[in-house]
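Chain by chain, the residues:
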Amino acid sequence: MQSEALASLGLFKPTEMAVPLFVALIIIELIYGKVSGKARFEGKDTFVSMFMGLGSTVAGALAATFTVVLAYWVWENFAIFDFGYAPWVFLVAFVLDDLAYYWIHRMGHRMRWMWAAHVIHHSSQHYNLSTALRQTWTGSITPGIFFKWPIFILGIEPGIVFFCAGLNLIYQFWIHTEAIDKMPRWFEYALNTPSHHRVHHANNPQYLDANYAGVFMFWDRMFGSFIPEQKDEPCNYGLVTDLGTFNPLRVAFHEWVGIVKDIASAKTWKARLMFLIGPPGWTPDGSRMTSEMIRDAWEKRQSTKQQAAE
Amino acid sequence: MDWILFSGSLVTIAILAFVIHRVFPEKTLGKQAMLDDYQRYNPDAKLDDAIVSVDERSLIVKAITASGNQLGLVRQIGDQLVCRTLVEGDQVNISAGGTLKVSCPDFTAPEFTFALEADALANAEELLVPYTNNQEAAHAI
Ligand SMILES: [Zn+2]
Ligand SMILES: [Zn+2]
Chain A
1 MQSEALASLG
11 LFKPTEMAVP
21 LFVALIIIEL
31 IYGKVSGKAR
41 FEGKDTFVSM
51 FMGLGSTVAG
61 ALAATFTVVL
71 AYWVWENFAI
81 FDFGYAPWVF
91 LVAFVLDDLA
101 YYWIHRMGHR
111 MRWMWAAHVI
121 HHSSQHYNLS
131 TALRQTWTGS
141 ITPGIFFKWP
151 IFILGIEPGI
161 VFFCAGLNLI
171 YQFWIHTEAI
181 DKMPRWFEYA
191 LNTPSHHRVH
201 HANNPQYLDA
211 NYAGVFMFWD
221 RMFGSFIPEQ
231 KDEPCNYGLV
241 TDLGTFNPLR
251 VAFHEWVGIV
261 KDIASAKTWK
271 ARLMFLIGPP
281 GWTPDGSRMT
291 SEMIRDAWEK
301 RQSTKQQAAE
Chain B
1 MDWILFSGSL
11 VTIAILAFVI
21 HRVFPEKTLG
31 KQAMLDDYQR
41 YNPDAKLDDA
51 IVSVDERSLI
61 VKAITASGNQ
71 LGLVRQIGDQ
81 LVCRTLVEGD
91 QVNISAGGTL
101 KVSCPDFTAP
111 EFTFALEADA
121 LANAEELLVP
131 YTNNQEAAHA
141 I
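Chains A and B supply the protein sequences, listed in that same order. Here the first sequence is numbered in this note's numbering, starting from 1 and rising by one per residue. Here the second sequence is numbered in this note's numbering, starting from 1 and rising by one per residue.
A portion of the hints provided could be inaccurate.
Computed footprint of chain A on chain B, listed as stretches where at least three residues anywhere in the stretch have a Cβ under 8 Å from a Cβ of chain A [stated by the list, open to error]:
no., segment
1, 46 to 56
2, 62 to 73
In silico lysine-lysine, DSS-like type, Cα no more than 25 Å apart, as pairs [as the list claims (entries may be wrong)]:
no., chain 1, residue 1, chain 2, residue 2
3, B, 31, B, 62
4, B, 27, B, 101
5, B, 101, A, 44
6, B, 101, A, 305
7, B, 46, A, 38
Don't read these hints as lab results, they were simulated from the structure. Here a beta-carbon is modelled for each residue, glycine too, at the ideal position from N, C-alpha and C.
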């Protein structure tokens, strides 16, 4: 059973406690944006972002029974070691949770099933602090829930990992801004920053599929997905195919609807499976574009331009 | 579930959104911004004739590509632009009051609406012929 120490820890939900701070910072950013022109907001867009955040806490609470019970079941039955609750365990848990986050996030962009949940976070054409709150409602019905199991099997109690995940999410709030250009060099090297995460939210072909980090930037450097922000290539935010609606329900479920439609009209089992686990944009006939295809086409255009210039 | 907390949050969000709407009033982006955005969306296309709606918030543009002619649609919602390229199977409806409605089979861009002057409407109809021909039943003036 869940230990008493963790039962009390479970009451402390870091993200929910941070909500007043989030709202205060959004108000500060919008005043700063109005005065300096360095942050841009739009009423309907902010409403949708914050409504998605609110919906996400409701969906998270509804799914918690299932995900937490499952996590504790794995830990109680398969944990190799028992690390207890020493401070260093929290530190190790934070780093391992961040590593798991990196791979959940990366797969969230590369597997359409997981993208259907994550796409919500990328669906705004704005990039301000309210965008950080635009969170998924459907994350717990994707394979993403399995990525943290190795940490439980290693012997760290799920409550500690969920607590660290909450802190991780709080860290990621402040990086959703155009108001901060670059942090000091050492900071940009080691940690996720507004600059790195702007690239992650950009739909410019040369910026696609980059900078998946939660807190520590070295995962991207280590696994080859790091792309720095270029001064001469301003980020254009949003999806490759922009959403044509502010309806929160359509925003929350559009990719799921797309998957169901595609699977229903698929002619082979391979196609049905690929519509679920293949990359977003995959089609049997190549009629839509995956991010690789978009990048290849961009590279081709660049070399044609270069040849023409020579 | 704490419904009081939920309702309070919802009211706070609505107030904040309303304040933002007043602080950052919406601007009409206009023809060039719509053309630029469509070019970004469909970078291989060479853009030809463009028809802009009366409110300057929608645009139809002929896009010439290596694989043939396409029809680009751009619409401003809020302060952002949404682009689509018309493909076979899209439902094209032209209403009697000079309003052209194009519905894409796409869950998040249900309808592009263009209020057009009479001349522009005639031009737009001409551009839409290849699509309306594919959709005999959908073309109804
Ligand atoms: Zn992402
Ligand atoms: Zn983000």
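Structure-based check of all given hints:
1. 46 to 56: violated (count 0)
2. 62 to 73: Coverage by chain A is violated here, the residue count being 0 at a Cβ distance below 8 Å.
3. B:31 - B:62: holds, 14 Å
4. B:27 - B:101: It holds: about 23 Å lies between the C-alpha atoms, which stays within 25 Å.
5. B:101 - A:44: holds, 23 Å
6. B:101 - A:305: violated, 37 Å
7. B:46 - A:38: The given pair, whose Cα atoms are some 33 Å apart, is violated under the 25 Å limit.
Hints 1, 2, 6 and 7 from the earlier list are contradicted by this structure; the remaining hints agree with it.
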